[in-house]
Amino acid sequence: MGLSVKEIAKIINASIIGNSDFVIRGVSSFHDSNLYDITFASDSKFLNNLAQTCAGAVIIPDSHIVDGDSFKDKVLLKVKNPKISFFNLVSIFHPVKRKKPGIHPNSDIGINVKIGKNCIVQSNVVIGDNVKINDNVHLMPGTYIGDDVVIGASTLIKPNVTIMEKSIIGDNVVIHSGTTIGSDGFGFAQNSEKHEKLIHTGYVKIGNDVEIGAGNTIDRGTLGTTVIGNGVKTDNLVHIAHNVKVGDNTLIVAQVGIAGSTTIGKNVIIAGKSAITGHIKVGDGSIVGPFTGVYSSVPENEIVSGIPHMPHKRWRKVVSIVSRLPEIRKKLFSIEKRIKTLELPYKESNNNNHDKE
Amino acid sequence: MGLSVKEIAKIINASIIGNSDFVIRGVSSFHDSNLYDITFASDSKFLNNLAQTCAGAVIIPDSHIVDGDSFKDKVLLKVKNPKISFFNLVSIFHPVKRKKPGIHPNSDIGINVKIGKNCIVQSNVVIGDNVKINDNVHLMPGTYIGDDVVIGASTLIKPNVTIMEKSIIGDNVVIHSGTTIGSDGFGFAQNSEKHEKLIHTGYVKIGNDVEIGAGNTIDRGTLGTTVIGNGVKTDNLVHIAHNVKVGDNTLIVAQVGIAGSTTIGKNVIIAGKSAITGHIKVGDGSIVGPFTGVYSSVPENEIVSGIPHMPHKRWRKVVSIVSRLPEIRKKLFSIEKRIKTLELPYKESNNNNHDKE
Amino acid sequence: MGLSVKEIAKIINASIIGNSDFVIRGVSSFHDSNLYDITFASDSKFLNNLAQTCAGAVIIPDSHIVDGDSFKDKVLLKVKNPKISFFNLVSIFHPVKRKKPGIHPNSDIGINVKIGKNCIVQSNVVIGDNVKINDNVHLMPGTYIGDDVVIGASTLIKPNVTIMEKSIIGDNVVIHSGTTIGSDGFGFAQNSEKHEKLIHTGYVKIGNDVEIGAGNTIDRGTLGTTVIGNGVKTDNLVHIAHNVKVGDNTLIVAQVGIAGSTTIGKNVIIAGKSAITGHIKVGDGSIVGPFTGVYSSVPENEIVSGIPHMPHKRWRKVVSIVSRLPEIRKKLFSIEKRIKTLELPYKESNNNNHDKE
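Residue numbers (this note's numbering), protein chains in the order written: chain A, 24 to 380; chain B, 24 to 380; chain C, 24 to 380.
Just so you know, not all the hints are guaranteed correct.
Treat identical chains as interchangeable: a pair holds within one or across any two.
[To be verified] With a cut-off of at most 27 Å between alpha-carbon atoms, the simulated BS3-like pairs for lysine-lysine come out as follows: (1) Lys340 / Lys354; (2) Lys140 / Lys33; (3) Lys123 / Lys220; (4) Lys228 / Lys120; (5) Lys122 / Lys137; (6) Lys353 / Lys68; (7) Lys354 / Lys101; (8) Lys120 / Lys289; (9) Lys155 / Lys189; (10) Lys29 / Lys101; (11) Lys101 / Lys220; (12) Lys353 / Lys363; (13) Lys336 / Lys189; (14) Lys220 / Lys289; (15) Lys103 / Lys68; (16) Lys137 / Lys123; (17) Lys217 / Lys304.
Keep in mind the hints are simulated off the structure, nothing from the lab. Keep in mind that this is a model prediction, so the values were computed, not measured.
Construct the complete structure from the given sequences, taking the supplied hints into account.
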């Protein structure tokens, strides 16, 4: 495949600096490219070192002022958002091959199931009763879709995913392999020493344009609903407990756990390995740093870190002191010694012992 | 479905305050209910605000003294344990639909397999050789049951669960989706720079009335057995290594990891995200707080928190000081300055320098 | 099965102390054995207490000097590495039963798939197009192998594993159940409030002699490759993000997470629950302690612990001080009080207030 810089500029709405007839044959990362590739540079680390890439063409931000001479061997394409433009090109150079629509004979489909137009149901897919699958859905091998589930249009379910009964999945959703949607929450009532299971009659509702990573576990509501808002993206091995609500466009990085009945706002970022306790609120636009333990509610637009969490700026000071605690302790003991010396004449005249510590 | 308060009181053994002929049509949570629902209130947060629920009937504790006037529009039902009584009603209002017993033709069953009465084996279930499945077991689609496995009566295995060879699963067990029972433990012996695999010939033994969450990994013993006691409940994404023993009725919350050969006592609670090191004992009745790193044995009935763990009360003090370390450091430097001032006349007369820090 | 001590000594190249005609009927752990078993003792804890095992024969290190009298009832076998020799015997006493080669009719195999000699493809295995499966591979039930995948010789894929398109798996690899290889990385570009998915065209390359635990998630490269070196072993529930490189013979313990584009050296050990941030290097031979948060690059052969990480020796000092912070704070306040006393005459004569803290 080949596209001239002129053709590419039309696709991504770019202005060209250099040879617009140059032909691009591939897309690649900045440091792993060859002459006929196009790559991109978004931040100063790359923009100030354009000569380091072997790519013949580089997508750069409109705002970047090019120091002309040093790059005359490369074609530059200026756009608003180089990363997004570049990945648009990636999808053109590497188009996704969609399988032919159809229902594999090895699949097992229940009664009263409605499957829309242009769907792909691969082998070993099991679909329960009263399920609605909308148009253009792709169910990959080994997925299980429980009774009374609804799957929105153009949603892609990867292999070996489990979607338990009554779950509602939106449009344009991607769910990666090994993930479970709608498992029972961890709800028990103590009855003397035994723990009696609380029946979970709620369900999981996932909005549109959501991507759920591999190996996630998202529990159904006990009575009510566990809600994943529109545009939410979760990384791998994320746990979301019963009755949690996650607001629109929130990002949840790998191995995060969110305990029951907590509400996460919109446009929140929860970095990897963090844990959020139950029954709290994390405000819109807040950021939870990596490996953070959130033990109480977080206000809007706050950045928090630490176990337990504190404002991120304070945490940075605190951890720098923590690592110097041996020196601080030493100083404290040295000060104590100096005080004893100072107290000596005082004590001698007063015959009074302050030396109990 | 409708049940009068009188009928409900008989089922849950309650005494009634109010109109015993009132008809209940559903069960719901305290804050998400309507007039014809029944809900429950266990603690003072709800009991002191009974007017806040729209439910027509509320189950409350025997011991609660009702301030009569304010609730005359609601029927109250007094019982010993409102939560357990309420969830009994939930299971009556939302009876679980059990599929018809039978073995799906899409399943693959090995030789010398014994399947008890009234079992359900759904499509794409694979059962190895010499397996014993007791009465009333339900194996959901895509589960794999290895050779020589025993599954106790009335156990429910959710979709896409893997149970490796020789595992023994008790009665009335529930295992949620994506979980692996009986994977090889992480056991290698270093041979120069390479790590040689230690063959794992042990197995996993799970007791009765156990519930294992989604996405768990429970490794087989190296030579011996990994044991999960009766009544144990694990949340999602829990890791239990080879040769671990977990005592009866212990609760293990989401994303906990327990390293090899550790023994967890009875009635222990291990809160979410915590890690327990290998070859130690966690005593009966102890509680491990959330996000805790247990690096050595824990006595019975102790509560521990922190990384590394310490008694929970101490940890509460410690973390409150950690977050104030910038102020403490500042105070230390201020004190040092004041000492220098005090030392000044002393130094002047002695010509002796203490000022090395 | 029975083998005389003489026969065993020949197999593991041991020298014998005691009755070489004694017949061994089983292998067992030190504390859970009977008279006709053989066990092993590697370290002083066991070597100094050989009388505690009931086993009739014990494999010990060449270097151990036996205190003759106390063990005359046991046969001792001296070898270079008792653990490795013992587990060689375990595999002789417990030979793995390999299923008969063949392709199960319930499997679903795409076009242009090459399957080598002596392979086992069990039921419900799904193989995409243009896949190459080398000799002696065993694919267990419910595994999914995507398009353009290569599986090396003698590799074993356990049940319900998902291997996405273009992944390359080496020879003699074991992948445990529930694991996903080649899921899309967590890569999005912000476009106003929405997060646009970055198409992932890279792949995962796994070397030879690798073992991947249960419930792992290993993401494909965004454009390039995620690389797992030869001889790497991962425990359960490990997350490895896009474009990570893991060097040869590195060990990654349970629930570790490694963020995108990070390079882990050779012969590294990353202990359980630790997190490694993105775009850094962890040097060859380094050790990351349990529950550690690595926030920046780690030099070769360094041992680090803590969140954030620091040299392990410093961390040991720091945590011992952290747990004593209440006492340290108390001492600080006591010192302040003593200073005030000392300042009193000074202040009285100067009328100058230092008492602001």
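Hints versus structure:
Taking identical chains as interchangeable, the C-alpha atoms of Lys340 and Lys354 lie at most 27 Å apart whether they share a chain (19 Å) or sit on different chains (15 Å). For the homomeric pair Lys140 and Lys33, neither the shortest alpha-carbon distance inside one copy (33 Å) nor that between copies (52 Å) is at most 27 Å. For the identical chains of this complex, Lys123 and Lys220 are inter-copy neighbours only, at 24 Å across copies versus 44 Å inside a copy, given an alpha-carbon limit of 27 Å. Taking CA atoms no more than 27 Å apart as the test, Lys228 paired with Lys120 passes between copies only; the shortest distance there is 21 Å, against 29 Å inside one copy.
Taking the closest pair of Cα atoms, Lys122 and Lys137 come within 27 Å of each other both inside a single copy (20 Å) and across two copies (20 Å). Taking the shortest Cα distances, Lys353 and Lys68 never come within 27 Å of each other, neither inside one copy (41 Å) nor across copies (37 Å). With identical chains, the CA atoms of Lys354 and Lys101 are never at most 27 Å apart, being 57 Å at best within one copy and 54 Å at best between copies. For the homomeric pair Lys120 and Lys289, neither the shortest alpha-carbon distance inside one copy (34 Å) nor that between copies (37 Å) is at most 27 Å.
For the homomeric pair Lys155 and Lys189, the shortest alpha-carbon distance inside one copy (11 Å) is at most 27 Å, but the shortest distance between copies (32 Å) is not. Within a single copy, Lys29 and Lys101 get their C-alpha atoms as close as 12 Å, which meets the 27 Å cut-off; across copies the closest is 76 Å, which misses it. Taking CA atoms no more than 27 Å apart as the test, Lys101 paired with Lys220 passes between copies only; the shortest distance there is 21 Å, against 60 Å inside one copy. Taking CA atoms no more than 27 Å apart as the test, Lys353 paired with Lys363 passes in both settings, with 15 Å inside one copy and 17 Å between copies.
Within a single copy, Lys336 and Lys189 get their C-alpha atoms no closer than 44 Å, and across copies no closer than 43 Å, so neither meets the 27 Å cut-off. Taking identical chains as interchangeable, the C-alpha atoms of Lys220 and Lys289 lie at most 27 Å apart only when they sit on different chains, with a minimum of 18 Å there against 33 Å within one chain. Taking CA atoms no more than 27 Å apart as the test, Lys103 paired with Lys68 passes inside one copy only; the shortest distance there is 18 Å, against 53 Å between copies. Proximity of Lys137 to Lys123 under the C-alpha cut-off of 27 Å is found in both arrangements, the shortest distances being 19 Å within a copy and 22 Å between copies.
For the identical chains of this complex, Lys217 and Lys304 are inter-copy neighbours only, at 22 Å across copies versus 31 Å inside a copy, given an alpha-carbon limit of 27 Å.
Hints 2, 6, 7, 8, 13 from the list above are not met by this structure, while the remaining hints are.
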